[in-house]
Amino acid sequence: AQSVAQPEDQVNVAEGNPLTVKCTYSVSGNPYLFWYVQYPNRGLQFLLKYITGDNLVKGSYGFEAEFNKSQTSFHLKKPSALVSDSALYFCAVRDGNNRLAFGKGNQVVVIP
Amino acid sequence: EPEVTQTPSHQVTQMGQEVILRCVPISNHLYFYWYRQILGQKVEFLVSFYNNEISEKSEIFDDQFSVERPDGSNFTLKIRSTKLEDSAMYFCASSGERGHGNTIYFGEGSWLTVV
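Residue numbers (the numbering used here), protein chains in the order written: chain A, 1 to 112; chain B, 1 to 115.
Calculated from the structure, these hints are not laboratory results.
It cannot be assumed that every hint is accurate.
Stated by the list, open to error - Computed list of lysine-lysine pairs in BS3-like fashion (alpha-carbon distance at most 25 Å, straight line):
1. Lys57(B) with Lys22(A)
2. Lys83(B) with Lys77(A)
3. Lys104(A) with Lys69(A)
4. Lys78(B) with Lys42(B)
5. Lys57(B) with Lys49(A)
6. Lys57(B) with Lys83(B)
7. Lys49(A) with Lys42(B)
8. Lys42(B) with Lys57(B)
Could you put the whole structure together from the sequences, leaning on the hints where they help?
See below:
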């Protein structure tokens, strides 16, 4: 089965500093990778995905992610974090035809 | 922007009672899903639904669970006899395309508390 790992529980970053949320994957075949964000008391919002092509994927709210095949990673990045980016971030991989397999999530805290 | 809507946002029910969670997927989408998130745990796949039938289900989705698309807009998850361990956030989701690369859009979730 396909899986992703998010090694950190919480990421603390000062407002204005670069933000990185780490994700590594384990798949057989081509990886289809996704990032979602969950704001407090809200649902899962799609940020971006990697299917094929350019290794740098741009998404919503200024986020981007870099696909690295040799390191089996798909880290989420934002050049300058905002306090409003404080949320729970989930990496996910397509597992089979219809399901997503999620990581455990990373709490991001942006400190003013 | 179109979105998946879910009702109720929060429901408290007694153990053994039946619960129905409702969802309105994005209007032109054809694939529907239920996921759940037990507090502090990963988001887990429950079931996918296409063309009025279940296309895939996880080992969590046992005989206590059922899904239905009773009309052209609603998609429901029924839990026949709730257990304490069914307490979780249940997310409805939908997607418009087939294939591994399609994006799945989630609703805001229904918090189910079984007491």
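Hint check:
Between Lys57(B) and Lys22(A) the CA atoms are separated by roughly 29 Å; this puts the pair beyond 25 Å, and the hint is violated. A hinted pair counts as satisfied when its Cα atoms are at most 25 Å apart, and Lys83(B) with Lys77(A) does not qualify at roughly 40 Å. A distance of roughly 21 Å separates the Cα atoms of Lys104(A) and Lys69(A); the hinted pair therefore holds under the 25 Å criterion. Our distance criterion of 25 Å between C-alpha atoms is met by Lys78(B) and Lys42(B), whose separation comes to about 21 Å.
A distance of roughly 23 Å separates the Cα atoms of Lys57(B) and Lys49(A); the hinted pair therefore holds under the 25 Å criterion. Under the criterion of a C-alpha separation no larger than 25 Å, the hint pairing Lys57(B) with Lys83(B) is consistent with the structure, at around 19 Å. Under the criterion of a C-alpha separation no larger than 25 Å, the hint pairing Lys49(A) with Lys42(B) is consistent with the structure, at around 19 Å. Only pairs whose Cα atoms come within 25 Å are accepted, and Lys42(B) paired with Lys57(B) is accepted, the gap being roughly 17 Å.
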